[in-house]
Amino acid sequence: MEKVFEIYIKTTPERLWEAITDEQTRQKYNFGVGVSSDWAPGSRYESVHPQAGISIAEGENLEVEPPRRLVQSFTALWSDQVKDEGPSRVTWEIEPVGSSCRLTVTHDQLREGANDELFGGWPMILSGLKTLLESGELLDTPGSLRYSGASADAE
Amino acid sequence: MDEVFKALADPSRRTLLDALFERDGQTLSELEARLPMTRFGVMKHLKVLEGARLVTSKRRGREKLHFLNPVPIRLIHNRWVSKYAEPWATGLSELKKDIETKEQPHGESV
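Chains as they are written, first to last, in my numbering: chain A, 5 to 159; chain B, 450 to 559.
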């Protein structure tokens, strides 16, 4: 099964690449969860929830071509049900269009009828990424820090 | 955003989105076979949906596969619905704090 998500964001490919690969920035729109890696092709990455200290996802960086293309294997770890789904693949593609970028996230190599938790969060994550890059503001939408419990703890 | 509402205003286009929601990544021929629409009708409606970014397509060899892209609907949700969800989130995080404070009999409130 394959899912495709597309969004236009008024930013540069370089800023978009950084927002996807920088751990602190990623936390702001990715349910409070960052991603850490050295981003070398073939390296591993992992996403750990900073408050709960539990691993949310992990995988390998299969192709790393900044600032245009990132292909990762993706294994969800947040529950036994999603762990049972095994690895799938996520491809990030950045294409400049005028003064904006088209960002396409393709989530494929999913089992037919796969648990929709695996890919159901993408619209929230991508819309949050758009708001962050276009307004520079800390978000209060689902998928943002507020919904991860992080900002509530910080207050 | 006008394009999204315009695209969603037509029942045939909503049926097309339903068909893609059910099974993503279909070709024009597959959609035509499943829906009570002519090939021309499906093409015309897909064009409007693609213009509104509600449908995105990928070439796979000689085939063009169509995918439902829910992101524009999420942006509409964020603009209005999320603003109403905000007090709930705040309320719940305060409830969490409240309960956690009370659960520690000798704990000092943070």
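Since the hints were derived computationally from the structure, they do not count as laboratory data.
For every residue, glycine included, the Cβ atom is placed at its ideal position computed from N, Cα and C.
Be careful, since some hints might not be right.
[As the list claims (entries may be wrong)] In the SDA-like style, the derived pairs of lysine to any residue whose C-alpha atoms are separated by at most 25 angstroms in a straight line are:
1) A:14 - B:526
2) B:455 - B:510
3) A:14 - B:483
4) B:545 - B:525
5) B:513 - A:87
6) B:507 - B:471
7) B:496 - A:101
8) B:507 - A:87
9) A:87 - A:71
10) B:493 - B:459
11) B:513 - A:10
12) B:513 - B:545
13) B:507 - A:72
14) A:87 - A:77
15) B:545 - A:24
16) B:507 - A:29
17) B:496 - B:531
18) B:455 - B:476
19) A:87 - A:136
20) B:496 - A:111
21) B:496 - A:66
22) B:496 - B:483
23) B:507 - A:57
24) B:493 - A:106
25) B:455 - A:108
26) A:14 - B:461
27) A:14 - B:507
28) B:513 - A:18
29) B:507 - A:38
30) B:513 - A:106
31) B:507 - A:54
[Said to hold, decoys possible] If we take Cβ atoms under 8 angstroms as the criterion, some of the chain A residues that face chain B in the derived model are:
32) 11
33) 77
34) 78
Status of the hints after comparison with the structure:
1. A:14 - B:526: Distance of about 20 angstroms is within 25 angstroms: holds.
2. B:455 - B:510: At roughly 32 angstroms apart (the allowed maximum being 25 angstroms), residue 510 of chain B and residue 455 of chain B break the hint.
3. A:14 - B:483: violated, 37 angstroms
4. B:545 - B:525: Roughly 29 angstroms between the alpha carbons, so the hint for residue 545 of chain B and residue 525 of chain B is violated.
5. B:513 - A:87: Given pair residue 513 of chain B, residue 87 of chain A is violated - Cα atoms ~32 angstroms apart, limit 25 angstroms.
6. B:507 - B:471: Holds, at about 18 angstroms.
7. B:496 - A:101: holds, 19 angstroms
8. B:507 - A:87: Measuring from Cα to Cα gives roughly 29 angstroms; hence the hint is violated.
9. A:87 - A:71: Roughly 30 angstroms separates the two Cα atoms, so the pair is violated.
10. B:493 - B:459: Given pair residue 493 of chain B, residue 459 of chain B holds - Cα atoms ~12 angstroms apart, limit 25 angstroms.
11. B:513 - A:10: holds, 16 angstroms
12. B:513 - B:545: The hint is violated at about 49 angstroms.
13. B:507 - A:72: OK: residue 507 of chain B and residue 72 of chain A at ~17 angstroms, within 25 angstroms.
14. A:87 - A:77: OK: residue 87 of chain A and residue 77 of chain A at ~14 angstroms, within 25 angstroms.
15. B:545 - A:24: violated, 31 angstroms
16. B:507 - A:29: Outside the cut-off at roughly 29 angstroms; violated.
17. B:496 - B:531: violated, 30 angstroms
18. B:455 - B:476: Within the cut-off at roughly 23 angstroms; holds.
19. A:87 - A:136: violated, 30 angstroms
20. B:496 - A:111: Roughly 23 angstroms between the alpha carbons, so the hint for residue 496 of chain B and residue 111 of chain A holds.
21. B:496 - A:66: violated, 34 angstroms
22. B:496 - B:483: It holds: about 18 angstroms lies between the C-alpha atoms, which stays within 25 angstroms.
23. B:507 - A:57: violated, 38 angstroms
24. B:493 - A:106: Given that 25 angstroms is the threshold and the Cα spacing comes to 24 angstroms, the pair holds.
25. B:455 - A:108: Satisfied, since the Cα-Cα distance of roughly 23 angstroms is no more than 25 angstroms.
26. A:14 - B:461: With a Cα-Cα distance of about 32 angstroms, the restraint between residue 14 of chain A and residue 461 of chain B is violated, given a limit of 25 angstroms.
27. A:14 - B:507: Cα-Cα ~23 angstroms, so holds.
28. B:513 - A:18: violated, 30 angstroms
29. B:507 - A:38: Judged against 25 angstroms, a Cα distance of about 29 angstroms means the pair is violated.
30. B:513 - A:106: Holds. Residue 513 of chain B to residue 106 of chain A sits at ~19 angstroms (cutoff 25 angstroms).
31. B:507 - A:54: Cα-Cα ~36 angstroms, so violated.
32. 11: Hint holds; residue 11 of chain A Cβ to chain B Cβ min 5 angstroms, cut 8 angstroms.
33. 77: violated, 20 angstroms
34. 78: violated, 17 angstroms
Checked against the numbered hints above, the structure violates hints 2, 3, 4, 5, 8, 9, 12, 15, 16, 17, 19, 21, 23, 26, 28, 29, 31, 33, 34; every other hint is satisfied.
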